[in-house]
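**Q** Here the protein sequences come in this chain order: A and B.
Residue 258 in our numbering sits at position 34 of the first sequence, with consecutive numbering throughout.
Residue 516 in our numbering sits at position 122 of the second sequence, with consecutive numbering throughout.
In short, the hints are calculated from the structure, not lab data.
Certain hints may be false.
As the list claims (entries may be wrong) - In silico negatives: residues of chain A with every beta carbon more than 12 Å from chain B: (1) Gln-274; (2) Ala-276; (3) Asn-312.
Unchecked claim - Label pairs and their in silico Cβ distance ranges: (4) A/Asp-277 / B/Tyr-412: 27 to 35 Å; (5) A/Glu-313 / B/Thr-508: 44 to 52 Å; (6) A/Cys-237 / B/Gln-418: 23 to 31 Å; (7) A/Cys-237 / B/Thr-419: 19 to 27 Å.
Glycine included, every Cβ here is placed at the ideal spot set by N, Cα and C.
Residue-level listing of the chains:
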Amino acid sequence: METLVIISRAPYCDWTGRESLDMAFSLAAFDQPVTLLFTGEGVNWLRKAQQADAVQQKSVEKNLSAAPIFGVSALMADHKACKRYGLNEENMMPGITTTDLCAELLEHYAHVVNLS
Amino acid sequence: MSPHTPCSFTLVITGAPYSSQAPQTALAFARAVLANGHRIDRVFLYGDGVHLASALTSPPSDEVNWSQAWQDFLESHNIAGFACIASALRRGIVDQSEQQRYELPANNVASPFTIAGLGEWVDSVAHSDRVIYFHGGG
Chain A
225 METLVIISRA PYCDWTGRES LDMAFSLAAF DQPVTLLFTG EGVNWLRKAQ QADAVQQKSV
285 EKNLSAAPIF GVSALMADHK ACKRYGLNEE NMMPGITTTD LCAELLEHYA HVVNLS
Chain B
395 MSPHTPCSFT LVITGAPYSS QAPQTALAFA RAVLANGHRI DRVFLYGDGV HLASALTSPP
455 SDEVNWSQAW QDFLESHNIA GFACIASALR RGIVDQSEQQ RYELPANNVA SPFTIAGLGE
515 WVDSVAHSDR VIYFHGGG
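With the hints as constraints, model all of the structure from the sequences given.
**A** Next comes the structure, spelled out in structure tokens:
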């Protein structure tokens, strides 16, 4: 019974992304299977070398890179959104699977959370 | 879902009162859930939704006090209401215990709401038949 947590808001624009991450990590901490999917402007969470301190925020790069260690099953990014925002293998953090966000994908999950 | 098969629900409210419709939509939904013979395991306030747990909400007298309406509903039906601790502390929603821990000048969580961790939500994901979200939008 896997949960999909979707992040579709840009990093640093509000707290929904961070609070979505907290949900995913909490599920993993309680041994509940969870996958993260970044879509829309949310794919920018995956950009390398974020300078979050410039807006007095904390970068989530370290948290995201540790996600598999904490038990998050997979980190996925919507292929179209990556293309739209110019994200590719070179400027995206490693360990991300690109996928097409579609109804068939969502059907794999018993529970889908999107705070946006 | 058959109307004759009782189900258990968890309601997650992420939209704040007076800046979104989420709390009143959720309350109408909650009343309908019980009226149709189903059960509500818990109500979980997350993100901006934690403002619903404030004891200091004071709208004009000709407007509904949604915090009070939710308190009354939870108490009368003996349903647990939780505000996520991380969301709450960020937004200045504090119980007596956290007031002491952070040496703050006041606390403002309205009973029967209590402060709790995301583990309550995880338990709902694992055990409630339906987990329904009420977002603020925008």
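**Q** For every hint, state whether the structure bears it out.
**A** To see whether the hints hold, each was checked on the structure:
| no. | hint | verdict |
| --- | --- | --- |
| 1 | Gln-274 | 21 Å, holds |
| 2 | Ala-276 | 17 Å, holds |
| 3 | Asn-312 | 31 Å, holds |
| 4 | A/Asp-277 / B/Tyr-412: 27 to 35 Å | 34 Å, holds |
| 5 | A/Glu-313 / B/Thr-508: 44 to 52 Å | 46 Å, holds |
| 6 | A/Cys-237 / B/Gln-418: 23 to 31 Å | 26 Å, holds |
| 7 | A/Cys-237 / B/Thr-419: 19 to 27 Å | 24 Å, holds |
Taken one by one, the earlier hints all hold for this structure without exception.
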